[in-house]
Amino acid sequence: MSEAVLPRPTDGELAILRVLWERGDSTVREVHEVLTRREPGDAGPGYTTVLKLMQIMTDKGLVERDETQRAHVYRAKATEQRTQRQLVTDLVERAFGGSPARLAMQALSSRKTSPQELAQLRQLLDSLEGADE
Numbered sequence: 001m002s003e004a005v006l007p008r009p010t011d012g013e014l015a016i017l018r019v020l021w022e023r024g025d026s027t028v029r030e031v032h033e034v035l036t037r038r039e040p041g042d043a044g045p046g047y048t049t050v051l052k053l054m055q056i057m058t059d060k061g062l063v064e065r066d067e068t069q070r071a072h073v074y075r076a077k078a079t080e081q082r083t084q085r086q087l088v089t090d091l092v093e094r095a096f097g098g099s100p101a102r103l104a105m106q107a108l109s110s111r112k113t114s115p116q117e118l119a120q121l122r123q124l125l126d127s128l129e130g131a132d133e
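At position 114 of the sequence shown (counting the first as 1) the number is 114 in full-length UniProt numbering, and the numbers step up by one without a gap.
Accuracy of the hints is not assured; some may be wrong.
Stated by the list, open to error - Derived DEER-like restraints, expressed as beta-carbon distance ranges: (1) R122 <-> Q69: 46 to 52 Å; (2) T68 <-> T89: 34 to 40 Å; (3) T68 <-> D126: 47 to 53 Å; (4) V73 <-> A95: 33 to 39 Å; (5) P100 <-> Q69: 40 to 46 Å; (6) D90 <-> K52: 20 to 26 Å; (7) V73 <-> R38: 16 to 22 Å.
Hints are computed from structural coordinates only; laboratory data are not their basis.
For every residue, glycine included, the Cβ atom is placed at its ideal position computed from N, Cα and C.
With the sequences and hints as input, model every part of the structure.
Set out below in structure tokens:
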């Protein structure tokens, strides 16, 4: 049985999801405080903006809200890995004609890759080749 496809989050929604993945269950105030600290030269989003985004995310099914306490607590509905996999799959289909290799080559040629990352990529490629044998 495959997992239901969640709506693609906007940049603002992804920022909130990152906070929830890092912190776990959080109130709007806690998410707002983290987002404000992450934008040192910028005031970051206002509290009401974060609140509205999290309400929209609840309606879209990106987060779940626990209303049993006075301050509602939110949690990401999908894991970071599942969300990333879904976003990459969508990107591969839309921008690279379904070719993961074209995506990887474009990504690797656009920025410097550390030796550690290259080693991880080699290890992944070796394991994928081994799976085909």
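Against the structure, the hints come out as follows:
no. : hint                     : in the structure
1   : R122 <-> Q69: 46 to 52 Å : holds, 48 Å
2   : T68 <-> T89: 34 to 40 Å  : holds, 35 Å
3   : T68 <-> D126: 47 to 53 Å : holds, 49 Å
4   : V73 <-> A95: 33 to 39 Å  : holds, 36 Å
5   : P100 <-> Q69: 40 to 46 Å : holds, 43 Å
6   : D90 <-> K52: 20 to 26 Å  : holds, 25 Å
7   : V73 <-> R38: 16 to 22 Å  : holds, 21 Å
Taken one by one, the earlier hints all hold for this structure without exception.
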